[in-house]
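Asks: Residue strings, one per chain:
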Amino acid sequence: MSTKENPAAFRYAASHEWLNASGGSAVCGITDYAQRQLTDVVFIELPPVGKKVKAGDRAAVVESVKSVSDIYAPVSGEITEVNSRLADAPELVNSDPFGEGWLFKISLNDEGELQRLLTKEGYEKTIQGEKA
Amino acid sequence: MKLIFEKSRPGRTGVLPPEPDVPEAPPLPAGLLRSSLDLPEISESEAIRHYTALSRRNLGVDNAFYPLGSCTMKYNPRLNEVLARLDAFRNSHPLLPASVVQGNLQLLYELQRVLSLVTGLPAVSLAPAAGAHGELTGLMIAKKYFREKGEERDVVLTPDSSHGTNPASAAMCGYTVTTIPSGPDGRLDPEELKRRLSPRVACLMLTNPNTLGIFEKDVVAAGGLVHEAGGLVYGDGANANALLGKALFSSMGFDLVHLNLHKTFSTPHGGGGPGAGALAVTDSLAPYLPSPVVGMNRNGYAFISPEKSIGRIRTFHGNFGVLVRAFAYITALGSEGLEEATTQAVLNACYLRKRLEGHYHVAYPSPSKHEFVLDDSGLPHGVTMIDVAKRLLDYGFHPPTVAFPLIVHGALMIEPTETETRETLDEFADALIAVRREAESDPELVKTAPHSTPVRRLDEVRAARKPDLGYDFNAVATAATGEKGTTEIKLIVDGALTGAENMARDEALLAEGRPVVRFYRWSPPCVSIGYFQDPARDIDLEFLKRKGIDFVRRPTGGRAVLHEHELTYAIVLPGNFLPSGIVPSYRKIASVFLAALAEWGVRGELKGPAGRPDRSGSCFASVSAYEITVDGRKIIGSAQVRRRGVVLQHGSLLLAVDYDRQAACLRGPSACTAEELREKMTGLYALKGEIGIDTLVEGISRAFESEFGVRLTMH
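Which chain is which? The protein sequence lines are A and B, in order.
If you read the first sequence in this note's numbering, its first letter stands for residue 1, the second for the next number, and so on.
If you read the second sequence in this note's numbering, its first letter stands for residue 1001, the second for the next number, and so on.
Hints listed in this document are in silico derivations from the structure and should not be mistaken for laboratory results.
Just so you know, even glycine gets a beta-carbon here, dropped at the ideal spot from N, CA and C.
There could be a bad hint or two in this list.
[What the hints assert, rightly or not] With beta-carbon atoms standing in for the labels, derived distance ranges:
| id | chain 1 | residue 1 | chain 2 | residue 2 | range |
| --- | --- | --- | --- | --- | --- |
| 1 | B | Leu1079 | A | Asp70 | 51 to 59 Å |
| 2 | A | Asp96 | B | Gly1174 | 46 to 54 Å |
| 3 | B | Arg1661 | A | Ser84 | 37 to 45 Å |
| 4 | A | Thr80 | B | Gly1270 | 53 to 61 Å |
| 5 | B | Pro1579 | A | Asp70 | 16 to 24 Å |
| 6 | A | Glu78 | B | Pro1017 | 32 to 40 Å |
| 7 | B | Pro1199 | A | Gln128 | 22 to 30 Å |
| 8 | A | Gln115 | B | Ser1591 | 39 to 47 Å |
Take these sequences, add in the hints, and give me the full structure.
Replies: Written out as C-alpha cells, the structure is:
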C-alpha cells in the first residue's frame, strides 16, 4: 500500500484522528499513519448515533492483530451518522482511510475547538517525533 | 536511596489545593491532554525527608569550600535572599504598567547606573539572561552598528584561552571566528593580534584577567590596534571580580562588556541558572541596546526603547530576582566594600598558589589574579588531574575545575571564594598536598577515588553522553551510575483468581498506566473471549456451566481461549517503552518469551501473518499472526489493548493442553475438533516435562529485564 498524503484541508489530532469540517459538522476518521500502525483492521465498534462526546472522549474502538485500540473524538459534539459499511468491510479503513474508511460524522458544539487541532504540517511534525 | 517517584503511591498527597477562584478555561484539545501528570504522590513529611536526605548527600557552598575556577563561587549573603523575596519584588507581574511598579523600575534604573560606574561605560542593558547571552547581545549590537556605518565586517577574533562561549556566540551571530594563539606567558600576544587584523574584523573578544587568571597587561595596546583597524573591543566580564574597584573597563579600551551579575555581584548560581549578563557599552553604541532600558520621563521611571535598538532579546525585563540580589550586594558593600572584595579574591588565590607551588606545577609563571591554573606535569604513576580532583572529595572539598582552559594539559583551575578564611585555605592546600603524596605512595588509592562519597566514580562518558536525569512515566530512572538496568518496573505475582478478578486487575493496571509485569493463574478454569466476540455465537455456555468453567470477556482482541493449565502474564507499558506500531510491539515483547523459552531449551518462533486476518474466529485462525509457536504449534498466545498511549498485552504460556475440553468449549464458526487443536497447540510440559511455576516466573522476569534493560522489583 502506498502512503497516502494527509489532506491539507483536514485538521488532525495528535492521537491520529482526522476531521474534515464544513458548516457546523465534520467527518472524522483515522489517518493513513494510524492505519499503518494498526495494520489490518478486523473489527470496528462505532458510537451510537445521537451520542454526545467531548473532545478526547473515546468514540470508537478497532481491533487489529488481536489488539484493541481506542479512537478518540477530535472535537466535542453529537454523533450524527456512522459509516455503516465498516461493519462488514472494516478493511476500508486500511485501503481508503481519508475517504471511504471514514468513521463518523459529528455536529460541532464549538467551532473554536477546530483551532486547537493540528494542521497537516503540525500533524506531520508530530508523527516525525513519534518515529524518532 | 529511593527516588521520590519510587516512594510515590497513588492517591497519597501532601497538599490540599484551594478551590479555583477564577473561571475554568475551555478544555484543551484531545491531542494536548494528558491523563497522568507523572507527579510523585507523597506526604509532606516524606517530601521534606527526601529533600533533606538529598541535600545531606550534596557537596555545596553550604557545607564545603568550593574553589571552582572560572565559575566564581562568590559569597552569597543570605540577606540578598530576604530582599529578593520581598512581596513587592516577588509578586509584581511583569505586565504591570510602569506607573504602579515605580520602585521596581527605580531599582533597575539605579542598577544600570552603578554598573555604568563600575565599568566606566555609560549605557547599560539588564536584559541578557546570562553571560553568553550578553555576548550574543553585544555581537548583535556590533553587527547592526557596522551595517549602519556601511562597513562589512564578518570576523571576530578570540584568544585560544577564551571561554568557549566567546567563539560560540560569534558563530551563532554569523561571524567567522579566528583564534589568536596565546604567547608563552599565557597572555595575548599583540604581534599575533596584529597579524590577524583586517578591515573585516568586527570585534576582538577579550577576557581580562584571562581564563588563566593572568592580567592582560597589553590590553590597552591591543585595544588601540583593534580601534585603528576600525574594529570594536568586546570585554568578557566573567572575571570582573578580579578588577572591580581597581580598574575600569573603559580605561582598558573596551567598547562593550558584559558582567556576569551572578558571579561578580554575588547571586547564587550553578546547575544552569538563573543568571544575568548585563551589558555595558560606549555612548556611540548606546542607541543600539536591546529594548527596553529603564529611563526617566515626566511621569517618573519608564521603559524606553533605545533609538536604533536591536529589539527585544528576552521576554520582560531580565531575571529580575537576580538583579535585586546584585543591587542589594552592591549597595550593601559600597565602593570600598567592592574593592575590598576584589582585593580579598586576589589575595586568597595568590596565597593558595604560593602554598601549592612546590607540590604542583603552575601552568604559567606569570603573576595571577583571582584564580590560577595547575597542570599535570610531574604527577607520578599515571595519576591524572581528574584523579586528584576525585580524591579531594574524600577530603571533603568540592574539586576545582578540571580540563579548562583547553590550552593547558591536565588543567586544575582553582578560584577560592573571597570570604574564605586563612584556616580553610590552609586545610584545602594541606589536602591537595596530601593527595600529591598519595599519588607517589599509593597511586591506586588516588586513581580509584572517591571512596567516601554517596556515589563512587561515575562513568563520565556515559554521564555526559547519555545523561539519564529524568524518569519515564513513573518508571524510575536513576542518574548514570554505571550500573546496568537502572529503571525499576513493578513485578506482581498473583495466585489463581477468578476470571472477573483477573481481568479487573489487568484493567486497573492499564488504567493506572504505570509499567508493570504481572503473572497470574485461574481458578476455576475460565474461558475468556475477545473484546469483539459474540459469546452466544462462539461459546458453548451450557458446557461451561455444566463443567463449572468460568467465563469472562477480555479488554483485548483475539478469540476465545480456555485458561486451565497455563501461566498467564500481563505487561502494562507506556508507549515510550515500546517501538511504535502494533506489530513491532508484539515483536519486542515476544523477544522476552523467545529468550526465556531458549533458556529452557525450547526453540520458539514468532509466527508472521498469513495473509489477511480471518474475522470468522474459525479454527484455521486459531494460530494467528504474532503468536509464539514451537514446530508450528502455538505455545504462547497474546493479545493487546491500547488506551491513551498505554499498552496492555496479556497472554498465556500453555503448560498442558486438554484438547478435548478446549474443543468442547467452542462452538459455531469458531469450533474446532480436538484433533485440529492437537495440530495447532502444544504445552511446555509436553516438550520439557514439568517445570515449577516459580522457575517459569523467574525465567521470564530475567528475560524481560535483559530485553528491556530494566529491573523488576516485587511488590
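Asks: Which numbered hints does this structure break?
Replies: Hint 7 is the one this structure does not satisfy, whereas the remaining hints hold.
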